[in-house]
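Asker: Protein sequence lines, in the order shown, are assigned to chains A and B.
According to this note's numbering, the residues represented by the first sequence are 1 to 390, in order.
According to this note's numbering, the residues represented by the second sequence are 1 to 390, in order.
These are computed hints drawn from the structure, not numbers from a lab.
These numbers come from a predicted model, not from an experiment.
Careful, some of the hints might be misleading.
Each pair may be met inside one copy or between any two copies, as identical chains are not told apart.
Okay, derived cross-link-like pairs now, DSSO-like style, lysine-lysine, Cα gap no bigger than 27 Å in a straight line [to be verified]:
no. : residue 1 : residue 2
1   : K210      : K256
2   : K321      : K72
3   : K137      : K321
4   : K155      : K321
5   : K210      : K72
6   : K155      : K265
7   : K32       : K63
8   : K174      : K355
9   : K265      : K174
10  : K155      : K41
11  : K137      : K256
12  : K137      : K155
13  : K41       : K137
14  : K63       : K389
15  : K155      : K32
16  : K32       : K389
17  : K32       : K323
18  : K137      : K210
19  : K174      : K256
20  : K356      : K137
There are 2 protein chains.
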Amino acid sequence: MMSKILNVIVILLMVSGLCSAQSSSEVVEDFKPSSVNQPGKEYPMVNSEGRVRVQISAPEAEKVQLDISAVKYDLVKDENGVWTGESAPQDEGFHYYQLWVDGAAVPDPNSLYFYGASRWGSGIEIPAHDQEFYALKNVPHGEVRELQYFSESNKTMRRCFVYTPPGYDENPEKRYPVLYLQHGGGENETGWSSQGHAGLIMDNLIAEGKSVPFIIVMDNGTWAMPRPPRNREGAERPAQWPPQGWADGFMNTLLKDIIPMIDSKYRTLADPGNRAMAGLSMGGMQTRVITLANPDVFSNVGMFSGGSITMEDIEQHPDFKEKVKLLFISYGSREIENPRPGPWGNPKENTEALKKAGMNTHFYVSPETAHEWQTWRRSLYQFAPLLFKN
Amino acid sequence: MMSKILNVIVILLMVSGLCSAQSSSEVVEDFKPSSVNQPGKEYPMVNSEGRVRVQISAPEAEKVQLDISAVKYDLVKDENGVWTGESAPQDEGFHYYQLWVDGAAVPDPNSLYFYGASRWGSGIEIPAHDQEFYALKNVPHGEVRELQYFSESNKTMRRCFVYTPPGYDENPEKRYPVLYLQHGGGENETGWSSQGHAGLIMDNLIAEGKSVPFIIVMDNGTWAMPRPPRNREGAERPAQWPPQGWADGFMNTLLKDIIPMIDSKYRTLADPGNRAMAGLSMGGMQTRVITLANPDVFSNVGMFSGGSITMEDIEQHPDFKEKVKLLFISYGSREIENPRPGPWGNPKENTEALKKAGMNTHFYVSPETAHEWQTWRRSLYQFAPLLFKN
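Construct all of the structure, not just a fragment, from the sequences and the given hints.
Answerer: Okay, structure coming up:
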């Protein structure tokens with residue numbers, strides 16, 4: 001009897017030794033469950049290096065992979081048909097990922113789900129050194145309100161989320177500035193309040209007295225948009241980019257439906273000095289087109305990983321330079337180190353040129369992050385304290 | 001050339017004929033995309049019989065199944081590695097489901113996700129003959145507000161959703177009654193406003209003048225709960241069920257944290273006559289225990305597929321009979337036709353006995369639905385107009 005038990009222990013030790021050798025001998029074994037796991041789920045896990053380890057039972061499968069940051073990692077099957085494996089170290093912050101089971105791309109059944117890459121799918125949180133600024137704390141909290149409204153421009157019902165700051169209900173005479181805050185391509189109106197933690201970032205900033213309280217409107221800016229041409233060596237630069245008209249659809253909806261609805265339904269300060277627009281990636285490009293064309297509507301502008309404003313833009317839109325009180329441009333450091341050349345040249349140089357020309361501009365680089373949510377969380381954290389101070 | 005094209009057409013017709021023969025020759029081919037698909041997704045689909053057809057690409061898989069209403073259906077693989085297949089006809093309304101890919105249980109990557117069966121997973125909507133009552137219409141809409149708050153009882157942050165009716169913000173002097181509305185076991189605070197459509201049901205009822213406007217609080221009632229004993233032939237009935245104390249955890253949180261927080265944060269009518277509690281399944285059982293013990297707190301009570309109140313209960317809690325102004329009990333017809341015997345006897349007879357004894361009771365049966373969300377949507381639709389009329 002004792003020898004049988006010893007045999008089993010020896011076999012278990014061998015198997016576990018084999019498994020860890022197969023995945024990688026250098027992996028630091030201090031994995032903890034991800035903070036965005038489904039309730040009660042042990043996996044996925046993250047270690048101190050930022051590696052993501054997933055596990056899924058698939059007894060009849062031949063091949064299972066973890067697909068994160070555009071790399072696929074083979075998992076290893078144990079004797080019970082349970083597959084386990086981990087990725088290379090990931091950047092701090094939030095990443096979308098998925099699993100492949102014998103050729104089927106599926107969400108990890110253990111993670112919470114987020115809308116990005118044009119689908120609801122798995123997400124993972126790599127603990128960040130600065131995660132306190134978006135942590136859920138026992139401070140006064142605002143509300144995130146889900147709102148259904150009829151759009152006359154589109155003749156359809158639409159949905160948006162509205163963050164009202166702490167104290168909004170308790171101060172029925174007080175009016176507030178408004179930030180219109182847009183998601184990126186392949187994302188939707190849930191992004192900023194879910195994986196973006198916009199509400200928690202504001203609650204914490206307001207609790208520390210670092211930002212004035214304001215309303216944030218998060219609507220759906222998805223609109224047919226052509227791909228920008230790559231500015232390759234020798235490729236001809238388009239005379240105008242984005243092409244005339246691509247942002248008109250969302251611009252119409254924003255100006256004709258969303259802003260009047262918000263100004264009638266909420267206690268807003270409905271003047272341009274108390275109205276801001278910002279967005280990430282595609283939302284930044286929309287912010288660029290819409291605010292250049294409407295400096296009478298928005299006086300505070302933010303573009304996160306979504307281009308910049310050039311001196312040529314200002315020459316074409318002199319009112320923008322005169323009326324906009326704050327222009328904030330940001331990128332992740334990995335976007336700046338390995339810049340994807342865009343049609344707007346060097347965003348840092350552009351922004352410095354505008355400052356020299358007399359505009360109140362700010363340029364921020366998120367350390368060691370790419371075109372991902374940690375860049376945009378930090379961008380909002382830097383941007384919000386600058387808002388509505390003029 | 002023409003003969004080659006004809007050959008291809010003949011082969012295509014044969015293949016399509018084979019496929020449909022393999023799935024079932026009786027399937028009505030009028031499938032339409034489900035209303036809860038992810039944006040831009042064609043599958044899953046539903047036909048006029050209520051069959052669910054799913055499709056997933058899994059070129060290397062050996063076996064793929066659709067798992068819905070506790071039955072697994074084999075899918076069929078085409079030459080491109082795409083698997084397709086459908087279920088037997090399903091009841092009207094909402095159902096959770098999942099896919100199996102070579103032994104891995106995963107969400108369908110094409111559907112929206114909902115929390116139930118203790119996990120975020122796929123859901124499907126079978127169009128119902130009465131779906132207008134929870135349809136999104138161009139009527140005045142309330143808001144569903146996500147709220148983070150600190151619970152002194154639990155020393156932790158908690159989250160709830162609060163429905164405020166249309167006009168709440170526009171009438172800053174008006175105060176409203178409150179319904180505390182609980183989800184079922186394995187569900188959470190998102191259930192009633194997501195798959196339950198509580199907000200849309202109320203918006204439509206209020207627009208038609210069928211219900212007074214009131215606030216709904218949807219919190220998380222998940223709490224360690226023992227399984228009730230089955231009341232089998234010959235099995236001894238427990239002297240007391242549920243056992244003393246199982247609902248105390250959520251009862252404490254509700255009475256000490258949630259209600260005071262709601263009464264301070266929202267413009268409530270904070271008297272028992274304007275306070276209701278209801279819930280589905282486990283939430284109904286919690287409603288039963290909590291309202292029997294606290295008739296000074298709640299005067300309107302609803303239990304949806306979650307037991308009933310007996311004459312013995314009333315004898316033990318005479319205040320309940322005296323103070324509760326409305327008692328509403330409901331079930332799906334398939335639960336009543338094939339009753340799972342519970343410790344509370346026949347809910348219809350119990351409810352009629354209370355009516356004879358002088359209580360204002362209502363008993364509702366949802367036609368041709370089981371222990372599922374269509375039963376509970378209809379229950380709220382029947383319950384809400386009865387509330388706060390005394």
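Asker: Failing hints, ascending?
Answerer: Hints 1, 2, 3, 4, 5, 8, 14, 16, 17 and 20 contradicted; others consistent.
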